[in-house]
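Protein chains in written order, with my numbering: chain A, 1 to 111; chain B, 112 to 227.
Hints were generated in silico from the structure; no laboratory data involved. All residues carry an ideal CB built from backbone N, CA and C; glycine is no exception. Don't take every hint at face value.
Selected chain B positions facing chain A (in silico; Cβ < 8 Å) [stated by the list, open to error]:
1. Leu155
2. Thr160
3. Gly219
4. Ser220
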Amino acid sequence: GESVGLHLPTLSVQEGDNSIINCAYSNSASDYFIWYKQESGKGPQFIIDIRSNMDKRQGQRVTVLLNKTVKHLSLQIAATQPGDSAVYFCAETGNTGKLIFGQGTTLQVKP
Amino acid sequence: GAVVSQHPSWVICKSGTSVKIECRSLDFQATTMFWYRQFPKQSLMLMATSNEGSKATYEQGVEKDKFLINHASLTLSTLTVTSAHPEDSSFYICSAMPGQKLEKLFFGSGTQLSVL
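Model the full structure from these sequences, guided by the hints.
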């Protein structure tokens, strides 16, 4: 079935370093992808999105890269801060137009 | 930005009772709302799609008689967990969007349900 997965369940980085969170998706028909940040006990918060006709999109301190050839999505966070500590999910639209969430990566930022 | 309010943020109930969770779009009209369920350290699983004025569409494996969804107005959808059991304990999250654009999907803050 359709699935969106992440390569690593936990990522630990030093404050100030760059973070790269990866995601593999299986549905080649997906045309829209979103990265969310979820802090403990809260709902997901939109970070950045990208459409399938693009391979890179930048926001403030964040960049999303899309490689459709290998069905891979990544989120890069520059100069990671303690406030970035959270669980990060990628999500894709799949065939149905509904959001399918990946399993999540926990980002731990060490001071 | 757009705000989706979810209430209550946490609830504890006895086994066999029913619990209602509300999801409100505060500054836009939401023709579509989604309800998700999330177990600890797991991803969000879509339970159902709630459409204003019509019956909800449930995902495979979700009992519609167990999880009653009502979307009576363009700003309010409710999820009622009927005859709750300990295995229903979970984090429930709603999301809403104006129109059909997922780019405009906003999430509530979630409801932690604990069934004793």
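A quick look at each hint next to the structure:
no.: 1; hint: Leu155; result: holds (5 Å)
no.: 2; hint: Thr160; result: holds (7 Å)
no.: 3; hint: Gly219; result: holds (5 Å)
no.: 4; hint: Ser220; result: holds (5 Å)
Hint check: no violations occur; every hint is consistent with the structure.
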